[in-house]
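A.B. asks: Residues per chain are reported as follows:
Number of protein chains: 2
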Amino acid sequence: MPKIYIVGIGPGSYEQMTIKAARTLELCDVIVGYHVYTDLVMPHYPDKEYLSTPMTKEADRCRMCFEEAMKGKTVAIICSGDAGVYGMAELMLGIGRDYPDVLLETVCGVTAAVSGAALLGAPLIQDFAVISLSDRLTPWEKIEKRIRAAAQADMVICLYNPSSRARHDYLQRACDLILGFTSGETVCGIAENIGRAGESCSLHTLRELRDIPVNMFSTVFIGNSQTCIINGKMVTPRGYRL
Amino acid sequence: MPKIYIVGIGPGSYEQMTIKAARTLELCDVIVGYHVYTDLVMPHYPDKEYLSTPMTKEADRCRMCFEEAMKGKTVAIICSGDAGVYGMAELMLGIGRDYPDVLLETVCGVTAAVSGAALLGAPLIQDFAVISLSDRLTPWEKIEKRIRAAAQADMVICLYNPSSRARHDYLQRACDLILGFTSGETVCGIAENIGRAGESCSLHTLRELRDIPVNMFSTVFIGNSQTCIINGKMVTPRGYRL
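For the protein sequence lines, the chains are A and B, in the order given.
So that you can map any letter, position 208 of the first sequence is 208 in the numbering used here, and since no number is skipped, the others follow by simple counting.
So that you can map any letter, position 133 of the second sequence is 133 in the numbering used here, and since no number is skipped, the others follow by simple counting.
So that you can see chain A by itself, here it is in the shape it has in the complex:
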């Protein structure tokens, strides 16, 4: 039976892939993905066939996988982080209805909320919300509502896709919403290029964060009212007595 693996490659470095993801890519004939991600794995799997489509052509990319699988090839479609968090898993399952003979298996990866948190310290140790600021597929009003809800319930917030060329002020707008519920001194962090060249992280107050430029390779963390800095790390206490 033709089979496609939907593989999360983690933040970017080979070492941060799961053993299962690495073994899966090894056994595949074709690796499909956005070029930024195929470029990351290609040095480790130089003998594979690689296929790609531009951004916004995600559905075409998925159909390409099924077409290759129907030719008898074993296919992996790769996503950065995990395929189930703003990744391709849903689109693959949806398009899979048109290819009932193709088996799908998702192979997990470490999503940016988790890898970025480890770089910064331990910001997500307590209840948190993961929200994407991209309004390409979600109305901005819905995003605003979710930001407000998370902030008023004092949840840590992890923001994916905090900015892009067309949405340069979205992080500012998100910060202004959150400032309606919490202190401008709230501890925040940015993780950039996690697991890749140029990996870095930085800590800021919420008031500072609103004016800091970020890009599509940044993941932003906004602490809850308890989040503090311990030895230069962003830490949300769980409540243990030490």
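Simulated from the structure, these hints should not be mistaken for laboratory data.
Misleading hints may appear alongside valid ones.
What the hints assert, rightly or not - Covered stretches of chain A, going by a simulated chain B footprint (3 or more residues, C-beta under 8 Å):
#1 80-88
#2 92-100
#3 125-137
#4 146-155
#5 228-235
What the hints assert, rightly or not - Distance windows between CB atoms, simulated:
#6 A:R136 - B:P43: 43 to 53 Å
#7 B:E26 - A:V36: 26 to 36 Å
#8 B:S183 - A:M216: 34 to 44 Å
#9 B:S183 - A:P54: 33 to 43 Å
#10 B:T182 - A:V36: 30 to 40 Å
Claimed, not checked - Only pairs whose alpha carbons sit at most 30 Å apart, straight line, appear in this in silico DSS-like list of lysine-lysine:
#11 B:K71 - B:K3
#12 A:K57 - A:K3
#13 A:K57 - A:K142
#14 A:K145 - B:K145
#15 B:K73 - B:K57
#16 A:K3 - A:K48
#17 A:K142 - B:K145
#18 A:K145 - B:K142
#19 A:K142 - B:K142
#20 B:K71 - B:K57
#21 B:K48 - B:K3
#22 A:K48 - A:K71
On a predicted model such as this, the values are computed, not experimentally measured, just so you know.
Built from N, CA and C at the ideal position, the CB exists for glycine as well.
Once you've looked at the hints, dock chain B against the given chain A.
C.D. replies: Showing chain B alone in chain A's frame:
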């Protein structure tokens, strides 16, 4: 300089560890962890020294790591999933203030929200909240507030620690809160024993979920208003046009 690695081992199977986690455990002298987790890795690293403390003795477990490191041993403390999501990373950083000569490094793992989502389909493809129902360290009122906030903002909700012997009706209470904001037909899922013996998952309506017994090895997913079932899988559409 003495060093301790804070390692997330993922859901449980060796293959779902990251390559970095596997290499880190290989190079350590001592592996410290709750016995359920040390039992999982022991067959793969039989020659290591293992140390443990019972549940509720987490701070003692952490101090044990620092004491071993000060003896000159390389130490790993392991958590299931990721150490930064309801794990030991925060406690280690906090206690680390008393041991300024010990270096700490967090090695990421796949947390149950991600691994459970992959088993069930793709429920977390859109904005979501991760909330623990354990009130051992968080007042129940705060947990309720967060559940309400996430539900009213139509976020997918992933519940950790949905039940225990002392808290057998907490999932029911959470479902009743969410039923105040959304349909009883909302698609929900339970992932159990992810990556371990007895791994299973099941789909339910929200109305059904409230009466289903779960345990401390269950992770519960409550869909948003768009979440649907595709070929037996729980899928939250992101909004792509197919």
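A.B. asks: With reference to the structure, classify each hint as holding or not holding.
C.D. replies: To see whether the hints hold, each was checked on the structure:
1. Counting residues of the stretch 80-88 of chain A whose CB lies closer than 8 Å to any CB of chain B gives 6, so the stated coverage by that chain holds, three being the minimum.
2. Coverage of the stretch 92-100 of chain A by chain B holds in this model, with 5 residues showing a Cβ closer than 8 Å to a Cβ of that chain against a need of three.
3. Figure legend: the stretch 125-137 of chain A, annotated as covered by chain B; annotation consistent (9 residues with Cβ-Cβ distances under 8 Å, at least 3 required).
4. Counting residues of the stretch 146-155 of chain A whose CB lies closer than 8 Å to any CB of chain B gives 8, which reaches the minimum of 3, so the coverage claim holds.
5. Figure legend: the stretch 228-235 of chain A, annotated as covered by chain B; annotation consistent (4 residues with Cβ-Cβ distances under 8 Å, at least 3 required).
6. Between R136 of chain A and P43 of chain B the beta carbon distance is about 46 Å. The supplied range of 43 to 53 Å therefore holds.
7. A beta carbon spacing of about 31 Å between E26 of chain B and V36 of chain A agrees with the range 26 to 36 Å that was offered as a hint.
8. Roughly 35 Å separates the CB atoms of S183 of chain B and M216 of chain A, a value that falls within the hinted 34 to 44 Å.
9. Roughly 38 Å separates the CB atoms of S183 of chain B and P54 of chain A, a value that falls within the hinted 33 to 43 Å.
10. At roughly 37 Å, the beta carbons of T182 of chain B and V36 of chain A sit within the given window of 30 to 40 Å.
11. Among the hinted pairs, K71 of chain B with K3 of chain B is consistent with the structure: their alpha-carbon atoms are about 11 Å apart, no more than 30 Å.
12. For the hint linking K57 of chain A to K3 of chain A, the alpha-carbon distance of about 22 Å falls within 30 Å, and the restraint holds.
13. Proximity of K57 of chain A to K142 of chain A is assessed by CA-CA distance (about 24 Å); at most 30 Å being required, the pair is judged to hold.
14. Between K145 of chain A and K145 of chain B the alpha-carbon distance is near 15 Å, which keeps this suggested pair within the 30 Å criterion.
15. Between K73 of chain B and K57 of chain B the alpha-carbon distance is near 22 Å, which keeps this suggested pair within the 30 Å criterion.
16. Using a Cα cut-off of 30 Å, the hinted pair K3 of chain A and K48 of chain A holds, with the two alpha carbons roughly 16 Å apart.
17. In summary, the hint linking K142 of chain A to K145 of chain B is supported, as the alpha carbons are separated by about 19 Å, within the 30 Å threshold.
18. The hinted pair formed by K145 of chain A and K142 of chain B meets the criterion: a straight-line CA distance of about 19 Å does not exceed 30 Å.
19. For the hint linking K142 of chain A to K142 of chain B, the alpha-carbon distance of about 23 Å falls within 30 Å, and the restraint holds.
20. Restraint check for K71 of chain B and K57 of chain B: the C-alpha separation of about 22 Å stays at or below 30 Å, so the hint holds.
21. Taking the CA atoms of K48 of chain B and K3 of chain B, the gap is near 16 Å; set against the 30 Å cutoff, the hint holds.
22. Straight-line distance between C-alpha atoms of K48 of chain A and K71 of chain A comes to about 16 Å, which keeps the hinted pair within the 30 Å bound.
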